[in-house]
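**Q** Okay, here's what each chain looks like letter by letter:
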Amino acid sequence: MFRKFVLTLCLASTMACLADGAPPPPSSNDPTDSGVPPEPVIVPDPASRHPQVLAKTGEMYSQDLATALSLPRDEVCKELGSYDCARLAHRIALGGVEPYVLRIDQPLNVTPVSAPLAVDRIALSACGARVRADFAAPGSAVIFGALAQGGSDGPNLAVRSLYDRMLGRDPDDAELSAVLELNTAPATPEEFGVLACFVIATSLENLFY
Amino acid sequence: MKSTLNRRKFLGTLGAGAAGLTFGSLLGSGSARAQARSKDDRGPRFLIVLTGSGGASIVDGCLAIRASESRNAAAINTYPDALVTQASGSPLRAVDFSADAVGPIPIGFTANQSGFVGRHHSQMVVATGTGTSVNHAIGQRRAVTGNEAWNGRTLQEVVASAYGEGFPIPNVHLATGTAFTERGTDDSLPAWVYGEPVADPALWPLALDGKKGLNTPNAALVERARILRNERLDPRSRFQQVFGKSPRIQRWLSQRAGPQKAIEDADLISKLMLFPDSEQYPLSRYGLSPSPAAARVREVFPNFEKDPLEAQAAMAFLLLKFRVAVSVTLGPGFDLVLDAEGGVRAGLPDGSMKNTPIAFDFSHQAHRQTQAMMWDRLYRVADGLITLLREEEYGDGESLWDRSLLYVATEFGRTRSRPAGAEDFGTGHDLNNGSLVISPMIQGDRVLGGVDADTGLTYGYDPLTGTPDRGRNMAEVNLYAGILEAMAVDTSGSGLPSVPAIRGNV
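Protein chains in written order, with the working numbering: chain A, 1 to 209; chain B, 210 to 715.
There's no promise every hint is true.
[Said to hold, decoys possible] Straight-line distance between alpha carbons at most 25 Å, and here's what the computed DSS-like set of lysine-lysine pairs gives:
hint, chain 1, residue 1, chain 2, residue 2
1, A, Lys78, A, Lys56
2, B, Lys515, B, Lys563
3, A, Lys78, B, Lys421
4, B, Lys470, B, Lys421
5, A, Lys56, B, Lys454
6, B, Lys563, A, Lys56
7, B, Lys470, B, Lys454
8, B, Lys454, A, Lys78
9, B, Lys515, A, Lys78
10, B, Lys515, A, Lys56
[Claimed, not checked] Label-pair restraints from in silico Cβ distances:
hint, chain 1, residue 1, chain 2, residue 2, range
11, A, Val110, B, Gln450, 23 to 29 Å
12, B, Leu673, A, Val110, 36 to 42 Å
13, B, Ser331, A, Pro107, 40 to 46 Å
14, B, Gly496, A, Ser48, 38 to 44 Å
15, B, Lys470, A, Glu181, 25 to 31 Å
16, A, Ala47, B, Gln489, 18 to 24 Å
17, B, Asp290, A, Val101, 31 to 37 Å
18, A, Gln106, B, Gln459, 37 to 43 Å
These are calculated hints, taken from the structure and not from any lab test. Idealized CB from N, CA, C, for every residue including glycine.
This is chain A alone, in the form it adopts within the complex:
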């Protein structure tokens, strides 16, 4: 196991050098060395043997979405226009408690089947709110300004901004191109904005910590 670890470390270090744009080490006099840098080696991240993750509660998730999308917390999601999704409508399903009326003073220890659906609703609602606001006033838009103004780099900028705001990182090339696939007919630019936001907001990386 230790040997495997060292190997991984070495490979990772090599990748890091390449990624930083450092020149390859001077070639030796080895006649088999063509002088062409080798293809980078992709090393998959090792799976944790004891993965310990928690799902965000509905309230944590809504607060994170509000921050990422620069929305007032109360505008993230309200069922039927009145019932806050995380605080009321889907509170228990999303790991909340309600000791006073329902007498539920411990979060559920098994995620109910309705939880992923409830999360989808919260994300679609919040993403929709951000897109509508940005398209209504592109000049003061937070995320989708370029998209709303029809700029050719609008989709790309929107996806990069969403990754940064929600996951705190850049998308890699494959992620970027995958999300941009949503920007095809019949989706309108507004719909693309919502869908791009939705897939990132409901990714496992944004739901668990």
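With chain A fixed as given, assemble chain B onto it according to the hints.
**A** Below, chain B alone, put in the same frame as chain A:
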């Protein structure tokens, strides 16, 4: 057991549910059909657990004691003879009772048990029992696990496991905050048998569709985005590669795969939408509509907006009708429910208290009134459910009720003593009690065991024949095993005793 949802099976059951819409209400009692059912019929049975939280005392209901029958009439909880009625030829009794107040609460009420018992006695059995705890939470748990008789599986989980595969949400808990709906301790069961909590029957259906009722891109586009997320973005993300084997993530992924789409395709957000379009719930404004069955359900449970128990019962019926669940658990909460038109300041007319504080446990303050009022409450809800289930065809002339069993679960009985001749008195918790089971799948009009009129305590029975046995007390496991046997659940390997007496000769 594999925890996957068989989509074809699932849609098939929903189709059967939809077909039931056309079934009339003329079936009447279906016990003959239920009894004629082939013994190798493996079709689903449906369990309704109606919780008598706080200690539903059987000697204030089906086993009420007439004062003339007891040598200690004034010292124990007996009723004036005139208040205790009995259906012809049935051992099951009823107490019709009115009062001007419930202990210190100055709200009168009229409770009627005889109507319910008169209508359903042929499908009612009382099984006496003596529990093992007078602690509420422990008593509640043991009432549904038979005191951990089968690796800690709850009755609801066992029934969900036996009959719920292919149902979208086999085990639904509409009652919250009691140990009647705690998860069992057998981790070997598939995750889908554990209870799905419903905090609010009005809003819960909204969580059964990820996109309807929102101002979002059309459904096909959202579905395309989900596929991209599920099949490409998440699987290749560094996060999933590192943490993807977490049980929490695995469960999330399994729910997001099959069940999510199946539930949405079944349009449960519409079928289970109990509440009508209104200012409070502006469904049409969000492109939603009430359940096609909701109008009839609201007729039977007209107080569904104000009384949480009626809302639970209405949802329980919809869950069974549309073949969403095979086990539903409902029951009164521990909060005072007042339905006073114009508010409390306008006065508290008779009948305006729908639920006593702490449910049956308000017997500590006012035993007789609390028991009368709360039994009446349970009977009304049971009556409504039975009425609705009888109107729904399961198939081949059988109604849904023909395949259902309603178990009134309670944690314990109440002490029997009272100040000499007192009509208004308080009681404590007592291990000794009995439980009510109602179903066309059992031989009704029976009391398993009996009650000693001089002590007010119940005694047991032979679990095989049902013959009363004064020297015997029945433990929780007997009821647990007997209910499962009545529901034709395969319990082989469980180590449970055989208790055919609950089912009887059907």
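**Q** Take the hints in turn and mark each one as holding or not.
**A** Against the structure, the hints:
In summary, the hint linking A:Lys78 to A:Lys56 is supported, as the alpha carbons are separated by about 18 Å, within the 25 Å threshold. Note on B:Lys515 and B:Lys563: the hinted pairing holds, with a Cα-Cα distance of about 9 Å set against a maximum of 25 Å. Distance restraint check for A:Lys78 and B:Lys421: the Cα-Cα separation of roughly 13 Å lies within the 25 Å cut-off, and the hinted pair is therefore satisfied. Our distance criterion of 25 Å between C-alpha atoms is met by B:Lys470 and B:Lys421, whose separation comes to about 13 Å.
A threshold of 25 Å between alpha carbons decides the hint, and for A:Lys56 with B:Lys454 the separation of about 17 Å falls inside it, so the pair holds. Using a Cα cut-off of 25 Å, the hinted pair B:Lys563 and A:Lys56 is violated, with the two alpha carbons roughly 38 Å apart. Of the supplied pair hints, the one linking B:Lys470 and B:Lys454 holds, its CA atoms being roughly 23 Å apart against a limit of 25 Å. The hinted pair formed by B:Lys454 and A:Lys78 fails the criterion: a straight-line CA distance of about 33 Å is larger than 25 Å.
Restraint check: the Cα-Cα separation between B:Lys515 and A:Lys78 comes to about 22 Å, which is no more than 25 Å; the hinted pair holds. Between B:Lys515 and A:Lys56, the direct Cα distance comes to roughly 33 Å. Violation of the 25 Å bound is thereby established for this hinted pair. Taking the beta carbon of each, A:Val110 and B:Gln450 are about 25 Å apart, inside 23 to 29 Å as hinted. Taking 36 to 42 Å as the suggested C-beta distance range, the pair B:Leu673 and A:Val110 conforms, at roughly 38 Å.
Distance hint for B:Ser331 and A:Pro107: a CB-CB separation of about 45 Å, consistent with the stated range 40 to 46 Å. One distance hint, 38 to 44 Å for the beta-carbon pair B:Gly496 and A:Ser48, holds here, with the actual separation near 43 Å. Between B:Lys470 and A:Glu181 the beta carbons are some 20 Å apart, a value that contradicts the proposed interval 25 to 31 Å. The supplied range of 18 to 24 Å is broken by A:Ala47 and B:Gln489, whose beta-carbon atoms lie about 49 Å from each other.
At about 42 Å, the beta-carbon gap between B:Asp290 and A:Val101 misses the expected band of 31 to 37 Å. For A:Gln106 and B:Gln459, the hinted distance range of 37 to 43 Å is not satisfied, since their beta carbons lie about 22 Å from each other.
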